[in-house]
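J.: Sequence:
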Amino acid sequence: MTKEEVLQLEKELSFQEFNNHDAYQLGQIIVDHIEKNHLKNVRIRIVLDKDIIFQYLMDGKKGVIWLDRKQKTVEKYGHSSYYIYLENEENKTYQEDEKDESLVICGGGFPLIIHDELRGSILVSGLVHDEDHQVIVDCLRKLKDEGTCK
74 MTKEEVLQLE
84 KELSFQEFNN
94 HDAYQLGQII
104 VDHIEKNHLK
114 NVRIRIVLDK
124 DIIFQYLMDG
134 KKGVIWLDRK
144 QKTVEKYGHS
154 SYYIYLENEE
164 NKTYQEDEKD
174 ESLVICGGGF
184 PLIIHDELRG
194 SILVSGLVHD
204 EDHQVIVDCL
214 RKLKDEGTCK
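Per the numbering used here, the sequence shown starts with residue 74, numbered consecutively.
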């Protein structure tokens, strides 16, 4: 996946409306996706307006530091952490941030954009980082395809 494709997904998978119930539904979609596809268990967090609306650590998962770091990366840059990773790989733009233990330069954090404004984030941790990213993308598409969110 290219940086341009990631930026396009951020636009495509944004919302005009999104509320706490939608966050809960998205969390359930992610859990179901992980189980249905027999993927390794993960940590999941959905943040809306600075509140954690959904968080679930699947069996065997402990601690939330990776969720915290991915969330902070999305909040700092307003883009998916996978985009930040790709940009850093190409241009070394975020080399200083690699030393910051409160951030992480890898996939698994995705911006929750409502009315063209960053309002939160969707975070998955526990797979290979590009797979974390893909789980979020697949599940956001499913949520939008079901028509419950615009």
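No lab work stands behind these hints: they were computed from the structure. Even glycine gets a Cβ: it sits at the ideal position worked out from N, Cα and C. Among the clues, some could well be false.
[To be verified] Distance condition first, Cα-Cα at most 27 Å in a straight line; then the derived DSS-like pairs of lysine-lysine:
1. K76 with K215
2. K135 with K217
3. K76 with K134
4. K84 with K217
5. K76 with K217
6. K172 with K109
7. K109 with K215
8. K84 with K149
9. K135 with K172
10. K172 with K217
11. K172 with K76
12. K135 with K145
[What the hints assert, rightly or not] Each pair of labels, with its calculated beta carbon distance range:
13. H111 with K172: 19 to 25 Å
14. R192 with K165: 25 to 31 Å
15. T166 with I138: 19 to 25 Å
J.: Take the C-beta atom of T166 and the C-beta atom of I138, compute their distance, and say whether it sits inside 19 to 25 Å.
T.: Given about 24 Å between the Cβ atoms, the range holds.
J.: Given the hinted pair K84 and K217, is their Cα-Cα distance within 27 Å?
T.: holds (13 Å)
J.: So if I understand the rule, the pair passes when the alpha-carbon distance is 27 Å or less; does K172 with K109 pass?
T.: violated (37 Å)
J.: Holds or violated: K172 and K76, Cα atoms, limit 27 Å.
T.: Measuring from Cα to Cα gives roughly 22 Å; hence the hint holds.
J.: Between K135 and K172, is the straight-line Cα distance small enough, at 27 Å or below?
T.: holds (23 Å)
J.: Are the Cα positions of K76 and K134 separated by 27 Å at most?
T.: Violated, because 30 Å separates the two Cα atoms, which is more than 27 Å.
J.: Does K215 sit within 27 Å of K76, going by the straight-line distance between their CA atoms?
T.: holds (22 Å)
J.: Given the hinted pair K84 and K149, is their alpha-carbon gap at most 27 Å?
T.: holds (18 Å)
J.: Assess, step by step, whether the Cα of K135 is no farther than 27 Å from the Cα of K217, and give holds or violated.
T.: violated (30 Å)
J.: Has the hinted range 19 to 25 Å been met by the Cβ atoms of H111 and K172?
T.: violated (36 Å)
J.: Holds or violated: the 25 to 31 Å window for the beta-carbon distance between R192 and K165?
T.: holds (30 Å)
J.: For the pair supplied as a hint, K109 and K215, is the alpha-carbon distance within the 27 Å limit?
T.: holds (14 Å)
Violated hints, listed in ascending order, are 2, 3, 6, 10 and 13; each of the other numbered hints is respected by the structure.
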